[in-house]
Amino acid sequence: GAVVSQHPSWVICKSGTSVKIECRSLDFQATTMFWYRQFPKQSLMLMATSNEGSKATYEQGVEKDKFLINHASLTLSTLTVTSAHPEDSSFYICSASNGGANTGELFFGEGSRLTVL
Amino acid sequence: GDSVTQMEGPVTLSEEAFLTINCTYTATGYPSLFWYVQYPGEGLQLLLKATKADDKGSNKGFEATYRKETTSFHLEKGSVQVSDSAVYFCALSGGRGAQKLVFGQGTRLTINP
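In the order they appear, the protein sequences are chains A and B.
According to my numbering, the stretch in the first sequence is residues 1 to 117, in order.
According to my numbering, the stretch in the second sequence is residues 1001 to 1113, in order.
Bound conformation, chain B alone (with noise of 0.2 angstroms):
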C-alpha cells in the first residue's frame, strides 16, 4: 500500500539556519502530496502541497517541490525562525478517495533563538 517515510526527528535549529526535512513516498498512481504543520495545542494545518511532478509547493518561506523521479517531497526553509517550531507531517493523497491521507511520522522541530 501507499506509505510516506520522513526524516526522524527530533531536529534542533538555531535561527536564521537553512531548515530541510526529508520526506519520501511510495504509491501507485499519481498522489497528491502535501506538508502539514502543527503548532503547540493546535491541530494540523495545511502548509503547503503540490499535485503533480515538479510542482513546487510554497508557504510562508517553506518550499517542497514533488520529485517523481525520487519519489521525494522534501521540506526546506532558507532561514528558520523561532516561531517555526512544530510538528511537520508529510502526507500523501491517491487513489479513489482523494482526501484520504497517508501520513508519514512527523518531525518535531525546535528552533533556539
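So here's chain A without its partners, still in its complex pose (with noise of 0.2 angstroms):
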C-alpha cells in the first residue's frame, strides 16, 4: 500500500519556540492531507485539512496561528506548532489521500510526538 512518512517521529522543545513536523507521501501525490492531535488514551482528534496550494481549513477551535500549515507540494505537508507551550504536547498523526477531494483511501503516518518543556 501507499506510505505515508512523518518526520521527526519525537521531538523535544523549550517553551516559547516552533516545531515543525513534516508529513510526506513517499510513493503518490496527495492533493489532500488531514492532521490530527491525539492525547493519551483518547481518540484522534481532526485538527485541519491541508489542501495543497490552497490555505488549510482547520476545524471549529484549533488556532490557525497557532497551528500553521503549509502544503506546498502535492507530497509534502508541514505543521508548525508555533511558540510552543507545555500544553500543546501531544502526539500529532497525519493522512493523505490518494484520490481526489472526496475520494481515495487514506493512509496514515506513524506519529510525531511533541513535548514541550
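Since the hints were derived computationally from the structure, they do not count as laboratory data.
What you were told as hints is all true, and nothing was included just to trick you.
The list that follows gives simulated cross-link-like pairs (lysine-lysine, DSSO-like), each with its CA atoms no further than 27 angstroms apart:
| hint | chain 1 | residue 1 | chain 2 | residue 2 |
| --- | --- | --- | --- | --- |
| 1 | A | K66 | B | K1100 |
| 2 | B | K1052 | B | K1077 |
| 3 | A | K66 | A | K55 |
| 4 | A | K64 | A | K41 |
| 5 | B | K1056 | B | K1068 |
| 6 | A | K20 | A | K66 |
| 7 | B | K1100 | B | K1068 |
| 8 | A | K41 | B | K1077 |
| 9 | A | K14 | A | K41 |
| 10 | A | K64 | A | K14 |
| 11 | B | K1100 | B | K1060 |
| 12 | B | K1049 | B | K1060 |
| 13 | A | K20 | B | K1100 |
| 14 | A | K55 | A | K20 |
| 15 | A | K64 | B | K1100 |
| 16 | B | K1068 | B | K1049 |
| 17 | B | K1100 | A | K41 |
| 18 | B | K1077 | B | K1060 |
| 19 | A | K20 | A | K41 |
| 20 | A | K41 | B | K1060 |
| 21 | B | K1049 | A | K41 |
| 22 | B | K1052 | B | K1068 |
| 23 | B | K1077 | B | K1049 |
| 24 | A | K55 | B | K1100 |
Keep in mind that this is a model prediction, so the values were computed, not measured.
With the hints as a guide, bring both chains together as one complex.
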C-alpha cells in the first residue's frame, strides 16, 4: 500500500520555541492531507484539512495562528506549532488521500510525539 | 455532532479466543464506518469498512456489520492470534467531507500466547 512518513517521530523543545513536523506521501501524490492530534488514552481529533496550493481548513476551536499548516507540494504538508507551550505536548498524526476530493483511501503517518518543556 | 463510542480497554485475551470490540455511533445522514488498526510503532491502517446499512466488512479474519437499527459496528474475530495485538479504532465519515474521519477513543488489545 501507499506510504506516508512523518518527521520527526519525536521532538522535545523548550517553551516558546516553534516546532515543524513534516508529513510526506512517499509513493503517491496527495492533494489532500489531514492533521490530527491525539491525547493519551483519547481519540484522534481532527485539527485541519490541508489542501495543496491553498489555505488549510481548520476545525472549530483550533487556532490557525498557533498551528500553521503549509501544503506546498503534492507530497509534502507541514505543521508548525508556533510558540509552543507545555499544553501543546501531544501526539500529532497526519493522513493523506491517494484520490481526489472526497475519494480515495486514507493512509496514515506513524505520528510525531511533541514534548514541550 | 457526529461521534463514535467504542469499548474501553485494555482488552487482554488468550490466543484462539473469540474477540468482540463494541462500537456505536451517532451521526446525521448515512455515514460510512471503518475499523483502523495501529500496530506498535506504525501508523493507522485501514482494517475494514462498510458504506451502507447491512454491509459486512471483512479482512484478516475480522468482521464488522453496519447495523443502522442499533447504530453499531462491532468488530469480531473468531480466533485471535498474538499478532493481532494492537490498538483498534472505530471511525465514521460523513457530511460534505467524506474523508473527514471521526474516531472512537481506541481499544488496546493484547493477546497472550
